[in-house]
Structure formats: structure tokens, C-alpha cells
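2 protein chains.
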Amino acid sequence: MAKKLTPQSQDFSAWYNEIVYKADLADLSPVRGSMVIRPYGFALWENIQKNLDQMFKDTGHENLYFPLLIPMSFFEREAKHVEGFAPELAVVTHAGGKELEEPLVIRPTSETIIGEMYSKWIMSYRDLPLLYNQWANVMRWEMRTRPFLRTTEFLWQEGHTAHETAEEAEAETIQMVNIYTKFARDYAAIPVVTGEKTVGERFAGAKMTLTIEAMMRDSKALQAGTSHYMGTNFAEAFDISFNDKENKQAFVHTTSWGLSTRFIGAIIMGHGDDKGLIMPPRLAPVQVVIVPIFRKNDAEAKEAVMTKANGIANELKAQSIRVKVDTRQGMSPGFKFNDWEQKGVPIRLELGPKDLENSTVVLADRLNEAKETVALDRVVGIMADRLEQFHHKLLKRATDFRDEHSIEVDNYEDFKASIEGNWLLVNHCGSEDCENQIQKDTKATPRCIPLEGIKSDGNCVHCGEKSAYERKIIFAKAY
Amino acid sequence: MAKKLTPQSQDFSAWYNEIVYKADLADLSPVRGSMVIRPYGFALWENIQKNLDQMFKDTGHENLYFPLLIPMSFFEREAKHVEGFAPELAVVTHAGGKELEEPLVIRPTSETIIGEMYSKWIMSYRDLPLLYNQWANVMRWEMRTRPFLRTTEFLWQEGHTAHETAEEAEAETIQMVNIYTKFARDYAAIPVVTGEKTVGERFAGAKMTLTIEAMMRDSKALQAGTSHYMGTNFAEAFDISFNDKENKQAFVHTTSWGLSTRFIGAIIMGHGDDKGLIMPPRLAPVQVVIVPIFRKNDAEAKEAVMTKANGIANELKAQSIRVKVDTRQGMSPGFKFNDWEQKGVPIRLELGPKDLENSTVVLADRLNEAKETVALDRVVGIMADRLEQFHHKLLKRATDFRDEHSIEVDNYEDFKASIEGNWLLVNHCGSEDCENQIQKDTKATPRCIPLEGIKSDGNCVHCGEKSAYERKIIFAKAY
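Protein sequences, first through last, are from chains A and B. Quick note: the first sequence, position 231, residue 231 per the numbering used here, numbers continuous. Quick note: the second sequence, position 120, residue 120 per the numbering used here, numbers continuous.
Hint data in this document are derived by calculation from the structure and do not stem from the laboratory. The beta-carbon is built from N, C-alpha and C at its ideal position, and this holds for glycine as well. Possibly wrong hints are sitting among the right ones.
Derived DSSO-like pairs: lysine-lysine, alpha-carbon spacing no greater than 30 Å straight-line [what the hints assert, rightly or not]:
| hint | chain 1 | residue 1 | chain 2 | residue 2 |
| --- | --- | --- | --- | --- |
| 1 | A | K336 | A | K308 |
| 2 | B | K296 | B | K22 |
| 3 | A | K393 | A | K477 |
| 4 | B | K443 | A | K98 |
| 5 | A | K120 | B | K336 |
| 6 | A | K3 | B | K248 |
| 7 | A | K477 | A | K182 |
| 8 | A | K296 | B | K245 |
| 9 | A | K22 | B | K245 |
| 10 | A | K22 | A | K3 |
| 11 | B | K248 | A | K57 |
| 12 | B | K336 | A | K182 |
| 13 | A | K248 | A | K220 |
A short, non-exhaustive set of chain B residues, derived as facing chain A with CB atoms under 10 Å [as the list claims (entries may be wrong)]:
| hint | residue |
| --- | --- |
| 14 | P30 |
| 15 | V31 |
| 16 | F42 |
| 17 | F66 |
| 18 | L69 |
| 19 | F74 |
| 20 | E76 |
| 21 | L100 |
| 22 | I114 |
| 23 | W141 |
| 24 | T261 |
| 25 | V325 |
| 26 | R328 |
| 27 | I454 |
Given these sequences and hints, build the entire structure.
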């Protein structure tokens with residue numbers, strides 16, 4: 001049998017790197033910092049896409065597609081934006097055998113080229129709001145990369161909307177972070193904390209950045225999706241103005257919001273254990289796997305077992321359950337059990353000649369230690385409910401873990417003593433210098449000012465100045 | 001009202017460029033040769049994707065994702081491949097603020113990087129076949145570009161499979177071109193001709209290229225999808241070898257197959273008329289549009305009409321019919337009728353107070369001149385069938401047009417006299433020199449050797465040598 005995974009408690013980072021490759025989610029590619037997303041990982045992304053896309057469409061958004069390459073000069077029009085992205089750009093200087101007159105940049109995000117187009121498309125208040133989204137690849141030349149968490153190229157969706165008023169644009173920004181929150185909880189079984197970023201952590205060019213923060217099994221935070229209100233910053237830089245209801249020219253208010261393949265990292269590290277992945281059933285590429293068991297030379301047993309296994313699979317498929325019969329040859333049942341456990345399939349059925357004799361099947365639940373014996377004539381009927389239960393158990397497990405590792409502290413000694421392995425809820429003065437000092441001491445950063453949570457207006461946990469916020473904010477180490 | 005489209009008969013090319021922008025399919029972008037695909041165009045692409053993707057999955061293919069950037073040196077490993085693509089490459093020379101040690105190329109197609117990965121993944125015959133596909137953007141720096149037909153960046157799917165034997169790989173190549181054929185006919189209502197490319201027209205590095213060729217309304221041909229058998233060319237270049245059933249090392253046989261946003265060009269030019277687009281119903285972003293009619297100041301009539309219009313829309317939606325109620329303000333009904341005709345929506349319902357009084361609705365079919373009056377209590381019930389009929393009418397219209405403009409000729413005088421406005425079925429000697437001479441004289445190229453069709457072994461229409469093929473082959477002017 002293959003070498004076991006490094007236990008999470010021993011080296012979480014090693015566990016992560018091993019499981020990504022062993023569970024066939026991704027592979028290293030020959031190009032520095034980029035990865036190949038393998039079919040098992042890509043099927044997970046497809047399920048993320050399908051469900052999120054429906055939520056976007058249900059709230060009136062339409063998809064479209066903007067070019068990959070953006071003229072370098074576009075970035076220079078919004079000062080903070082270029083400052084934020086310039087160091088990470090990949091630049092096309094030659095094409096079609098010639099040097100280009102102006103270098104073109106592979107999009108790290110598309111606000112600039114979208115701004116340019118919106119300035120053409122928006123003339124009057126009748127053209128508003130524009131509620132658009134694109135699914136695309138983007139590139140940020142990061143120095144340190146890790147599969148899914150931080151790769152030079154990644155896949156994402158970027159929504160870009162334009163509105164008549166600040167109020168409407170802010171409401172959109174909040175609506176979209178709420179969609180991410182609901183998606184994370186209801187599909188990925190991840191109980192994210194939703195909040196606003198402090199000024200120092202905002203997106204380059206934004207007036208407000210909302211985020212969903214997920215707790216990983218090592219208690220670190222992972223920013224899993226963000227929604228930004230840009231004010232009129234991009235509208236002014238790209239001259240996106242319109243004739244308003246009073247027949248005056250005004251700038252539109254824009255938003256952007258994105259969720260990327262990084263979210264796969266949140267699923268891996270938010271649920272996985274020492275045996276490997278645990279897939280949330282509503283997104284799992286395979287929800288139920290059936291492992292048929294028979295002796296290699298017993299053709300009669302093989303036929304009986306395979307017939308029954310395929311029969312169960314077809315009945316489950318008819319219920320839209322994603323099921324796979326593991327017909328691989330040359331592998332023992334034990335190897336297969338281990339393999340599917342590692343891949344995090346929620347429910348496994350084991351079916352051999354003895355089971356057929358007894359009209360039963362063995363059911364292994366990825367969240368339970370003990371296996372169960374279930375009557376063959378009941379197994380199909382209970383499956384949809386079992387997958388629902390699995391979702392709720394997984395969500396509860398993650399919620400309990402998050403709550404156990406979220407601690408209020410009110411002095412810096414306790415802060416430093418508790419920051420390893422916890423999220424800390426604290427009062428903070430709001431100063432960037434103070435944030436930086438905390439980061440220097442402890443590596444912790446402000447994750448967000450929760451939209452809901454403990455109201456408080458005490459003094460800063462670090463410097464003792466008055467709290468800048470109405471609520472305690474979260475500091476944590478983060479990916 | 002907006003300026004009318006240039007008639008197809010006057011200037012087909014002008015008609016095409018106008019309709020792309022007027023029907024909101026795409027817009028010019030600030031980057032040379034690339035376009036923005038607008039929501040109406042992108043919704044068409046999403047419907048193409050959804051249906052093709054299901055056909056790929058039904059035949060056992062899985063999706064995955066390879067990196068956008070490919071090391072320049074990879075291209076040099078397959079001689080014909082680099083020769084074919086080198087002039088069109090876009091090259092990243094700088095990233096993260098530094099010059100790269102080796103330039104990276106934006107993929108024009110992914111055989112090379114996929115070959116590199118397959119050589120890692122394939123060890124034994126047990127790993128075969130690999131049946132993978134990716135949906136991606138690619139870039140070819142073309143000199144002359146036109147929206148959808150030829151853009152520097154385009155969206156496509158590229159399937160890449162690896163097999164134990166030549167027979168299996170050839171069967172896959174044929175299976176996939178048959179899927180394209182079926183998709184074109186059954187979804188896009190385009191009666192393509194399926195055939196093999198002559199040697200001179202093969203994909204760079206292929207041993208066999210199969211193609212679907214579609215006839216546009218100006219009788220030119222458009223290559224709308226291709227499927228290639230690579231032999232062991234790429235396997236040898238990238239060392240994709242495996243331990244076969246006899247325990248010997250052998251090279252795999254690979255295929256690749258692709259269909260791109262160019263297919264949208266085939267839909268536009270294969271069906272459109274002087275009024276604009278005609279959307280095939282099974283792919284149409286909007287299958288039925290309802291235009292409510294009322295006087296601006298008659299609030300009572302407005303409410304009654306809107307209530308009924310929304311009621312019909314909801315009943316149609318419940319049947320999974322893609323319906324839109326046109327609630328735009330400040331536009332006359334006549335403007336809206338014209339707009340939806342231009343956008344090619346198959347069926348339009350016009351509903352005003354007079355119709356409500358009579359319990360009827362006016363139905364306009366994009367393929368019929370006359371409007372019909374339909375009883376309100378029947379309109380929902382007939383709609384699915386009407387859309388089906390529309391598909392078959394559209395397919396028949398395109399098939400009749402193709403057949404009327406496909407002519408057998410057996411001498412070069414007739415060839416030259418008939419090539420304008422027709423596809424010519426001819427015997428050909430198979431020599432590339434002879435093909436080139438015909439192209440020089442007439443601008444026509446060999447489109448394909450049809451897989452089915454007129455058996456013949458006469459003499460070459462141009463040079464009089466013996467036919468190289470069992471069948472007459474098609475010459476035509478092409479996009």
C-alpha cells in the first residue's frame with residue numbers, strides 16, 4: 001500500500017501538499033508556479049461553478065467575456081490599482097514575430113478593460129445597472145506558490161457591476177458577499193465569517209472590501225471570496241459617466257466580486273483529516289462509490305456482484321446522485337477503500353458474494369468510524385437522506401471547530417499566548433501602524449470586522465487607544 | 001429607427017460585421033484583433049458548451065485544465081507543429097518585474113504541454129485510454145481578424161486522448177467528428193458535410209484531420225470543427241510511452257479535437273437573412289420573446305397586459321422554455337419587434353389590450369412572413385412543438401440551400417465558371433501543387449473528402465491525372 005499521509009498534527013503543510021497530489025486533485029506543471037488541475041479536482045470546480053453561476057443568474061447577473069490581454073497603460077489610470085498589481089504582472093512584449101508597440105499584460109483582474117468598455121456602453125440611467133460576470137483565467141506572478149492557494153495562473157469568476165447611486169452599489173456589494181456566504185455554508189459546508197476588511201487590507205482601488213473568512217483545520221484563516229465597492233474611483237479613471245434622471249452627467253458607482261480555485265484549498269483544509277479529503281456532498285464529484293468484491297477466478301460471483309452493483313448505481317443515478325462503481329482491476333478491495341477514503345467520497349458501499357447471500361450491503365460513512373450493514377432493498381431509498389445528513393454533520397463539525405478556536409481576548413499578553421491555533425476577537429484602534437506591529441510580533445493580521453457578532457467599543461488590545469469599530473474584530477494567522 | 005442592415009446580396013461581409021455589433025453579440029476591444037463577447041453572444045456560447053460538454057461526458061470524457069503558458073522550447077520538439085504555429089505566437093518575456101530565463105508562449109493549442117504531462121501519467125496499458133478535454137482560451141496572432149471567425153484570442157474546447165493502438169485512436173477521431181456533426185445538425189440546425197482534409201490542409205503534426213464544413217448563406221464554406229489523429233508523432237516528441245500487454249514499451253497513439261467560438265460565426269452566417277440573425281431554437285439564448293403593448297398613460301391596461309405577459313412567461317419557464325418579457329421603456333413596440341427580429345429570436349408574442357379583449361395573442365415566427373392570431377388558452381400548450389418545428393424548418397432551409405449550391409463538375413472550364421456561389425464536387429489527383437494552382441486561379445481550396453457521398457474514381461478536374469480518392473471531393477471558397 002502507498003505511503004501514508006503525514007498526520008495533520010505533525011506537519012499540516014506537508015499533509016496539504018501530499019493530499020493535493022495523492023487525491024489526484026492537481027499536479028505540478030513544467031511552468032513555474034502553475035499547476036494542472038486534474039479531472040477529480042476539475043469536477044469539484046465544475047460543481048462550484050454550476051451552483052455559484054445559478055445563484056448569480058437568479059439575482060439578475062449575466063455572463064460575458066473580456067479579452068485576456070490588457071494594454072499596460074490602462075493600469076496606470078488608477079493609481080492605487082497599478083501600485084497593487086504592477087509587481088505581479090506577466091507581460092507580452094512580442095507577438096506574431098514582432099515586438100509590440102505597447103506591451104500587453106495578462107489580466108491579473110479585469111477592472112481596467114471592463115472600465116474602458118463600460119464607458120462605451122453606459123450613456124444614460126436607462127442603461128443601469130449593468131450586472132455582469134465572467135468566468136476566466138487570470139495571472140499574478142507570485143513569488144511563493146502553492147497548489148490552489150496561490151498559483152501564478154488561477155481560475156475564477158469576476159463580477160463587475162455599475163450603478164446609479166452609492167446606495168445601490170453598496171447593496172450589490174453586500175448581496176454578493178452574502179451569496180458567497182450562503183454558497184460556502186450550504187454547498188461547501190464551510191461556516192465562514194463574513195465581514196469587512198480594515199483599510200489596510202482593502203483591494204487595490206476599493207472603498208470597501210467585504211470578505212468571507214474560513215477557518216482551516218490548523219485554525220488558520222483563509223480568505224475565500226471578496227466583494228468590493230469601488231465608489232467612483234474606476235468610473236473617474238475610465239470616464240464611465242451617464243446622463244442621470246435629472247439630465248446631469250454623473251459617474252457610475254462600481255463593484256467587483258470574485259471567488260477562485262483557491263476555494264478548493266478551503267474545502268481541502270477546512271474539512272480534511274489524517275485519512276485525506278472529506279468532500280462536502282453537494283459539491284463532491286463522487287457522492288457514493290460502490291466497491292464490488294469477488295475472487296479473481298470466480299466468474300459466477302463476479303457476474304452476480306457486478307450486476308447488483310451496476311443496478312444500485314443506475315437507481316442512484318436516476319435520483320441524480322453522483323455514483324461510481326470502482327471496476328479497476330489489479331487492486332485489492334482494501335487498497336480501493338483507502339483510495340476513496342483519501343479522495344473524501346462521503347459514502348462507500350462494499351458489496352461481495354456474502355452480502356448478496358444475506359441481501360445486505362456494507363455502508364461506510366466518511367465521517368463515522370464504524371461500518372453499517374444495510375438491507376439491499378433499503379440502500380437506494382435512504383441514500384439521498386444520508387447525503388443530506390452528511391452535509392449537516394460536516395457543517396456542524398466545522399462550526400464546532402471554528403467556535404472552539406475563536407477566543408475573545410482583551411490584553412496583548414493573552415493575545416500573544418493564544419494566537420497560535422486560534423482566531424482572536426479583539427477591540428482594535430483601526431490604525432495601520434498598530435496592525436503592522438501586531439503582524440510583526442505575531443504574524444497575525446486583521447481578517448475582518450464581522451458584519452454580525454459581538455458589539456463592543458472597548459480599547460485596542462495592542463495600543464490601548466479607543467476601538468475604531470462597533471464590534472470586536474478578528475485577528476488570525478492566514479494563508 | 002436605427003439604420004437598416006446592408007442586404008446580404010449587396011455586401012455579405014458588411015452585413016456580417018454590422019449584425020455582430022447590432023445584435024449585441026460582440027464588441028470591438030481596445031486590444032488589436034480581440035473582441036468582447038457580450039451577454040447575448042456569450043449566452044449562445046454557454047448553450048453550445050452545455051450541450052457539447054454533455055455529449056463529451058456521455059462518451060466517457062472528463063474535463064481538466066492545463067496551464068495557459070507553455071515554455072517556448074516545447075514547441076520545438078515536434079517539427080511540423082512549430083513550423084505551423086511559430087509565426088502566430090504571443091510571447092511573455094517579462095513577469096514579476098524580471099526578464100524570464102525562458103520565454104513563455106500563450107497556448108495557441110495545448111498538444112505540447114499535454115504531451116509533457118501525459119508522459120508522466122501514462123505508465124501501463126492499464127492507464128489507457130486517457131479521454132480528457134479542456135474548455136479554454138487560446139491565442140493565435142493572426143494578421144487579419146474578424147469577430148468570431150478569426151480573433152487573436154478565442155474560446156474553445158480541446159479534447160486530447162491517448163490510446164494503446166492506432167485502431168482505437170482512429171475510432172476516437174471518427175467518433176468525435178461524428179459528435180460535432182450531430183451537434184451541428186441537431187442543435188445548430190446546420191447540415192455540415194463531414195470529411196477528411198487533404199494532406200496539404202491537415203493540422204500541423206497530424207496524420208489525419210477530419211472536419212465538419214458548413215455552408216454559409218453566401219455559399220462559402222466555414223470549417224466549424226476538426227478532429228485529428230496524430231499517430232505517434234506527439235508521443236515520440238514527448239516520450240509518451242507505456243508498458244503494453246506483452247510487457248513491451250510502446251508509444252501511445254494520440255488524438256485531438258476542437259470546436260471554438262468560430263462556431264458562432266457559422267450560426268450567424270449559416271442562417272441569417274437581411275433582417276438579421278435567425279437563432280436555432282435549441283441553442284437560442286431567448287427562444288420566445290413577449291412584447292407587451294399599451295399606451296404609456298393607461299395604467300389599467302398596462303397592469304392587465306403585464307400580468308398576462310408575466311403569467312405566460314412563467315408557464316413557459318416551467319416547461320424550461322427560455323422566455324423574456326421585453327419591459328424596456330421609452331421604445332415603441334415597432335422598434336422592439338425589429339430589435340428581436342434582428343436578434344433572431346425564433347418566436348415573438350405580441351400582447352395588447354385588444355388581444356386581451358379577444359382572448360388572443362399575436363404570434364410572429366421568425367421564419368414566416370405572416371403573423372398568426374392564437375387563442376390565449378392555447379399559446380402555452382403549442383410552444384414546445386412550435387420550437388421543434390422551427391428547428392426542423394431551419395434545418396431543411398439550410399439543407400436545401402446547401403444542396404442547391406453543391407454542383408458536380410468534371411472539367412476546369414465549368415469549375416471556373418461555377419466556383420462563385422457554389423461548392424464543387426470534383427475528382428482530384430491529390431497533388432498539393434495541383435491544389436495550389438486551383439487556389440491561385442480561383443481562390444477555392446479543397447474543403448474535404450466527404451466520408452459519405454458520391455463514389456467516383458475519374459480524372460482530376462484540373463490536371464487530368466487519376467483521382468487519388470474513392471470519392472469526389474469538395475472545393476469551395478472558404479472563411
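Index of numbered hints that the structure contradicts, given in increasing order: Structure breaks hints 11, 12, 13, 20, 25, 27.
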